[in-house]
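Undergrad: Construct the complete structure from the given sequences, taking the supplied hints into account.
Protein chains in written order, with this note's numbering: chain A, -4 to 434; chain B, -4 to 434.
I should point out that these hints are in silico values taken from the structure, not numbers from a laboratory.
Be aware that a few hints might be false.
Since the list gives no way to pick one copy over another, a pair counts as held whenever it fits inside one copy or between any two copies.
In silico DMTMM-like pairs for lysine to aspartate or glutamate, Cα to Cα no more than 25 angstroms straight-line [as the list claims (entries may be wrong)]:
no.	residue 1	residue 2
1	Lys74	Asp305
2	Lys240	Glu22
3	Lys39	Asp290
4	Lys349	Asp274
Remember, it's a predicted structure, so these values are computed and weren't measured experimentally.
Protein chains: 2
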Amino acid sequence: MRFVNKENVSLLVDLYELTMADAYFREGKNGIAVFDLFARSLPKNRGFLVACGIYDALSYIEGLRFGKEEIAYLRESGKFSNGFLGYLENFRFSGEVSAVPEGTCVFEKEPLIRISAPLVQAQILESFLLNCVSFQTMIATKAARVCMAAKEKPVCDFGLRRAQGMDAGLKASRASYIGGCAGTSNVLAGKEYRIPIMGTVAHSFILAYESEMDAFRAIARNYGSGCVFLIDTYDTIRGAVNAVKVAREMEKEGKKLGAVRIDSGNLAKLSRKVRGIFDEEGLKYVKIIASGGLDEYEVEKLAWAIAPIDSFGVGTAMDVSADAPCLDMNYKLCEYEGKGRRKMSAGKTTLPGKKQIFRLEEGGAYVRDVIGMEGEGIGGRKLLVQMMREGRITWKIPGIEEIRKMCKEEIGKLPVEVRKIKNPSKYPVDLSEGLLAQV
Amino acid sequence: MRFVNKENVSLLVDLYELTMADAYFREGKNGIAVFDLFARSLPKNRGFLVACGIYDALSYIEGLRFGKEEIAYLRESGKFSNGFLGYLENFRFSGEVSAVPEGTCVFEKEPLIRISAPLVQAQILESFLLNCVSFQTMIATKAARVCMAAKEKPVCDFGLRRAQGMDAGLKASRASYIGGCAGTSNVLAGKEYRIPIMGTVAHSFILAYESEMDAFRAIARNYGSGCVFLIDTYDTIRGAVNAVKVAREMEKEGKKLGAVRIDSGNLAKLSRKVRGIFDEEGLKYVKIIASGGLDEYEVEKLAWAIAPIDSFGVGTAMDVSADAPCLDMNYKLCEYEGKGRRKMSAGKTTLPGKKQIFRLEEGGAYVRDVIGMEGEGIGGRKLLVQMMREGRITWKIPGIEEIRKMCKEEIGKLPVEVRKIKNPSKYPVDLSEGLLAQV
Chain A
-4 MRFVNKENVS
6 LLVDLYELTM
16 ADAYFREGKN
26 GIAVFDLFAR
36 SLPKNRGFLV
46 ACGIYDALSY
56 IEGLRFGKEE
66 IAYLRESGKF
76 SNGFLGYLEN
86 FRFSGEVSAV
96 PEGTCVFEKE
106 PLIRISAPLV
116 QAQILESFLL
126 NCVSFQTMIA
136 TKAARVCMAA
146 KEKPVCDFGL
156 RRAQGMDAGL
166 KASRASYIGG
176 CAGTSNVLAG
186 KEYRIPIMGT
196 VAHSFILAYE
206 SEMDAFRAIA
216 RNYGSGCVFL
226 IDTYDTIRGA
236 VNAVKVAREM
246 EKEGKKLGAV
256 RIDSGNLAKL
266 SRKVRGIFDE
276 EGLKYVKIIA
286 SGGLDEYEVE
296 KLAWAIAPID
306 SFGVGTAMDV
316 SADAPCLDMN
326 YKLCEYEGKG
336 RRKMSAGKTT
346 LPGKKQIFRL
356 EEGGAYVRDV
366 IGMEGEGIGG
376 RKLLVQMMRE
386 GRITWKIPGI
396 EEIRKMCKEE
406 IGKLPVEVRK
416 IKNPSKYPVD
426 LSEGLLAQV
Chain B
-4 MRFVNKENVS
6 LLVDLYELTM
16 ADAYFREGKN
26 GIAVFDLFAR
36 SLPKNRGFLV
46 ACGIYDALSY
56 IEGLRFGKEE
66 IAYLRESGKF
76 SNGFLGYLEN
86 FRFSGEVSAV
96 PEGTCVFEKE
106 PLIRISAPLV
116 QAQILESFLL
126 NCVSFQTMIA
136 TKAARVCMAA
146 KEKPVCDFGL
156 RRAQGMDAGL
166 KASRASYIGG
176 CAGTSNVLAG
186 KEYRIPIMGT
196 VAHSFILAYE
206 SEMDAFRAIA
216 RNYGSGCVFL
226 IDTYDTIRGA
236 VNAVKVAREM
246 EKEGKKLGAV
256 RIDSGNLAKL
266 SRKVRGIFDE
276 EGLKYVKIIA
286 SGGLDEYEVE
296 KLAWAIAPID
306 SFGVGTAMDV
316 SADAPCLDMN
326 YKLCEYEGKG
336 RRKMSAGKTT
346 LPGKKQIFRL
356 EEGGAYVRDV
366 IGMEGEGIGG
376 RKLLVQMMRE
386 GRITWKIPGI
396 EEIRKMCKEE
406 IGKLPVEVRK
416 IKNPSKYPVD
426 LSEGLLAQV
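TA: Quick look at the structure:
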C-alpha cells in the first residue's frame, strides 16, 4: 500500500505543471506571476462556501522539496531538461501568499488564495492547491449546511468509512468539525487535530450476542452510564422495549442509559414511537440519536416534522459532499510581470490583476462584498491577508477551536436567505471600478 | 499538514470499532467470526462493479500494528481498559482472508472480501476496509464506464486536482488505469504504480506569453515533435488557425505537431470545425484531444455525434465518481462460532454464513452467478480465493498490467445489456439452495 508523505507529495502534481515549468525555466521566463485560486461558480443549493484547507496549503508551499528519489523518477521519465532537474534539487518557494483565514465564508469568483511568485514556482503549486483547498472547502461547507439544518442539535461526523480514501477520511473530520460538527467517530482525526471523538456500537455487536437483550446487557456492563443501545437490528419497536428493560436493570445498579440509536426506517415516525415508549416508562432522560442515510435535506425534514431526535450521526453524504462532490475551483494566472492577464474561453473568463476582497458590514451583518484591486480604498474588511512572505509562513495559524468559532460567527452574519439549504439567494458580490477598468 | 502513514493508519478507525473490540476483549468473547464486505445495492446506472482496493486492504491487514504514540492517545482518551491497550500493543492479525482478485466484476450482495478471524481482530478492520475498498472500487468502475463510452479511443485521467484529498488523488489514478484509462496526469501515481504519465499545457501557459502564437511557438520550441497546443484560451477557431501556422513552421524544421486540445465550448461542433481546418491544410496527422467537464455520458454523446475526437482527458467527474460518489458498501457479521448471523433491519437484511460466489460461463460469456455456501458443489469459477492465511498474505499479487488486462476481459464477458452506460439490465445473481436454507 502506498502512502503520500512529506517527501513524495512533491510529485503529487499533474505532469503538465512540471513540463510547463521546465519550458519557462529553459526560456528564462520567470517573472513575478500572480495566480488566484477561486471557485468559478457555487454548486447547486450553495449560498456560500466555508474556506478550508488553506493552512495545509501553506504548510505544503513552505515545505515543498524535491528529494533524490523523486528527481530520479523525473529523470528516468525522459521528459525533463537536466537544467530544470538541477533547479528542482534546490527548489524553495520564495514568493508571497495572501489568503482568507480558514472558516471565512466566500462566494463565487472570490480568490481564497493569491500567490505572487516567480512563474516557475507559482506554476508548480497548482495541482496540489486545487486538490487540497477544493476538497476541504467543499466538506466544511457541507458540514455547515448539515449543522444549520440540525438547528442547535449536535451532529457527529460518522463518515470515515465512506470518505474517498485515507486522507479524505482524516481531513473530512477536521473540515466537518470546523463547519460545526460536535465531534467525529474518526480516532486518528481526534489524535491529530485534538477534536472530540464519539461512538456507539455497530449492528455486528448486537448480532454477536445470542439475543438483543444479551447484547444490551453487555453494552451496559462494559460501557456503563451514558452508554448507547442500537435498537434497530431486528425490529426498532421491540428494540426499544428491550432497551427499556435493560435501562431499568441499569437503574437498579445506579447507572443510567444515555441514549438509543435508530439507524434505519422512517426516522420521524420511529423516533416518535420510541420517545413515547421511553416517556411512558419514566425514562425521559434517555436520548435518541438518529443516523443512516442522513444529509442536510433529510435532517431539515426531520426538523420540520418535529421529530424528537436529540442528535444526529451523519456520514456518507457529508464526507463526500454527495450532492456536490467536487467544486469548480480554479487556479488562474491573473498577472504577469505587473500586467493583467485574462482567459476568454467560452464560459470560463477570469478576472485580471492583483485583487482584494472587501467585505462590507452593517449593524453586525454582512451586506455585500466588492472584488477590487489590492490598492483600492474601498473600505470594509479586507479578506485576503498576507500569510507568507519570502517563502516563510508569517501568519499565526489559529487553533481549531478558534477556526470553528470564527466559522460559526461568519455564517451567523450572512443574510438569512443566503443561508438557506435549498435555493438560497445570491449574496451580492460586486466588481470595483478599478477592476472593471481592467476587464 | 497531517499525513496518514504506516504507523498512524492503525487509528484511522471509527471509535466504536475499538470500544466494541475492548468490550469483546474484556468479556473473552473472541470466537471465530466471519465478516463479509459487499455492496448492498449498485448505484444508479451501474450494471456491475470492478473490484479494486483489495490488495491495499490485504497489505493493511497484514501490517496492522499499534505504535507507542497511538496507544498513548487511546490511553489518554480514557475510553479503554488497560488490558485491551496491552492487547493492542502486541496486536497481530492471525485470521484468514478470502477475496475476489482486483479487476473482477462483481454485483450486489456479492462479498468482495470475506474475513474469518477472532472477533476482536475482525471487528477492528471494518472502517479501513470499507474506506479503502468502496472508494477504489467506485473509481475503477467509473473509469471502466468512461472507457466503454469512449469505445477504443484512449482516455487519460486528469482528475488529481479534483480528487478528494491526497490519497484519493493517488489511488484514483491507479483505479482508473485498472478500469481502462491509458494513463494519468498524476506524476506520483506514475512513480508509485509504474503507469504511463501524460500531459499537455494549461491555459496559464498560453496567457503567460504576449500572444497565442508566441505561446504555441514556445511549446513547439520546448516540447518538439508530438507536442500539443491548447487552442481554446481566447477563441477556439482562431486558435486552430494559429495552430496551423505554427504547425507549418514546425514542418519546416522537420517537426510535427502532435495534437490540439479543446477544453471548453461545444466539443462536437468545435472538433468538427477544427478537424476541417486541419484537413483542408493537409494536416491530417494532427490529432484532437477533448477535455473539460467530460464524463461517460458526455463521452457517449460525443461518440454518437461521431465527433472527430481522437482521445479524451477526463478528470473531475471520474476521480470523484460524481454521479455516485459513494457506494453502499457494508461489512457485516455473517457467522459467529460456526453459527450464521443475520441482520433484519428494515431494508438492510444480510445473508448469513460462510459464502462463496460461483460464476457460470457459457461459450466465453458470463451467464449468471450463484451466491452459495463455501462447501457447495455448484460448479463454475469460485470468485473468492484465499489470499491470506494465519495473518500472512499467501496470494501472489499480480502486476498492474495484469490486473488491467483481467478487468478488460471480465467486462468483455459480461452480457452487453449489463454493460450499458444508462439503465443497464441486472445481471442474474441467484442464491443457492444451501444459502436459502439458512435464510
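Undergrad: What label fits Lys39 with Asp290 when the C-alpha limit is 25 angstroms: within, between, both, or neither?
TA: both (15 angstroms within a copy, 18 angstroms between copies)
Undergrad: Regarding Lys349 and Asp274, is the shortest C-alpha distance of 25 angstroms or less found within a copy, between copies, in both, or in neither?
TA: neither (62 angstroms within a copy, 42 angstroms between copies)
Undergrad: Is the C-alpha distance from Lys240 to Glu22 at most 25 angstroms within one copy, between copies, in both cases, or in neither?
TA: between (79 angstroms within a copy, 22 angstroms between copies)
Undergrad: Within a copy, between copies, both or neither: where do Lys74 and Asp305 come within 25 angstroms Cα-Cα?
TA: Between copies only: 23 angstroms across chains, 58 angstroms inside a chain, cut-off 25 angstroms.
In this structure, only the earlier hint numbered 4 is contradicted, and the remaining ones agree with it.
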